[in-house]
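Can you build the whole structure from these sequences, using the hints too?
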Amino acid sequence: DGGITQSPKYLFRKEGQNVTLSCEQNLNHDAMYWYRQDPGQGLRLIYYSQIVNDFQKGDIAEGYSVSREKKESFPLTVTSAQKNPTAFYLCASSINPQGLTEAFFGQGTRLTVV
Amino acid sequence: QKEVEQDPGPLSVPEGAIVSLNCTYSNSAFQYFMWYRQYSRKGPELLMYTYSSGNKEDGRFTAQVDKSSKYISLFIRDSQPSDSATYLCAMNRDTGRRALTFGSGTRLQVQP
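From first to last, the protein sequence lines are chains A and B.
Residues 1 to 114 in the numbering used here are what the first sequence lists, from first letter to last.
Residues 1 to 112 in the numbering used here are what the second sequence lists, from first letter to last.
Calculated directly from the structure, the hints in this document are not laboratory data.
Careful, some of the hints might be misleading.
[To be verified] The calculated SDA-like cross-link candidates involving lysine to any residue, where the alpha carbons are at most 20 Å apart (straight line), are: (1) Lys-42/B x Asp-38/A; (2) Lys-9/A x Lys-2/B; (3) Lys-9/A x Arg-41/B; (4) Lys-42/B x Arg-110/A; (5) Lys-42/B x Thr-112/A; (6) Lys-2/B x Glu-15/A; (7) Lys-83/A x Ile-51/A; (8) Lys-42/B x Lys-83/A; (9) Lys-83/A x Asp-30/A; (10) Lys-42/B x Gly-40/A.
[What the hints assert, rightly or not] If we take Cβ atoms under 10 Å as the criterion, some of the chain B residues that face chain A in the derived model are: (11) Lys-70; (12) Arg-107; (13) Gln-111.
Using N, Cα and C, we set each Cβ at its ideal position, and we do this for glycine too.
Here is the structure:
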């Protein structure tokens with residue numbers, strides 16, 4: 001089945017630790033995105049990538065880092081510099097590198113700082 | 001001021017009602033408009049996608065875009081309890097940053 005797979009579903013992090021969230025897609029999509037969702041709020045863009053080996057900051061990139069070494073993979077690292085990382089993280093992809101088509105989402109990773 | 005405004009609700013309706021969900025936006029560069037449905041603790045699911053102004057119908061769902069008013073709507077006919085979810089509008093530009101900008105979502109409850 002084609003789709004977007006995010007792992008893990010739940011993740012717990014101690015203060016001061018870096019953690020990496022996985023996002024893999026087998027849809028052959030060019031563009032990939034990371035969004036953060038907080039309770040009662042919409043999705044806010046963290047980073048996006050239109051092609052392999054290239055990515056751009058979104059609205060809330062501070063404290064996060066990404067890489068795009070393969071077309072199908074776009075991992076997100078939440079660093080210790082992110083002061084309030086507890087949130088629901090969503091990865092998405094779009095077949096058009098300009099994002100001018102539908103974007104499809106994974107099922108999300110819920111990150112909690114303990 | 002946010003680029004995309006959406007009433008958070010909750011909106012409660014009886015089963016079988018027609019539901020109207022709306023978003024307004026401020027950036028005239030938005031040309032691509034989408035509606036997503038999100039169940040609790042799940043990823044958003046694409047419902048409707050429209051380009052520029054006009055209407056689009058898919059089963060019980062109708063999406064409308066009025067670019068002159070910077071206003072988009074999603075109508076749900078014959079609403080069902082299974083439609084209870086959060087509905088997110090999203091839009092994209094044809095110039096500049098190419099990533100979706102989302103509204104905050106409207107929580108809908110359809111009472112049986």
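Structure-based check of each hint:
no.: 1; hint: Lys-42/B x Asp-38/A; result: holds, 13 Å
no.: 2; hint: Lys-9/A x Lys-2/B; result: violated, 30 Å
no.: 3; hint: Lys-9/A x Arg-41/B; result: holds, 10 Å
no.: 4; hint: Lys-42/B x Arg-110/A; result: holds, 10 Å
no.: 5; hint: Lys-42/B x Thr-112/A; result: holds, 16 Å
no.: 6; hint: Lys-2/B x Glu-15/A; result: violated, 31 Å
no.: 7; hint: Lys-83/A x Ile-51/A; result: violated, 29 Å
no.: 8; hint: Lys-42/B x Lys-83/A; result: violated, 25 Å
no.: 9; hint: Lys-83/A x Asp-30/A; result: violated, 31 Å
no.: 10; hint: Lys-42/B x Gly-40/A; result: holds, 14 Å
no.: 11; hint: Lys-70; result: violated, 17 Å
no.: 12; hint: Arg-107; result: holds, 9 Å
no.: 13; hint: Gln-111; result: violated, 22 Å
Of the numbered hints listed earlier, those contradicted by the structure are 2, 6, 7, 8, 9, 11, 13.
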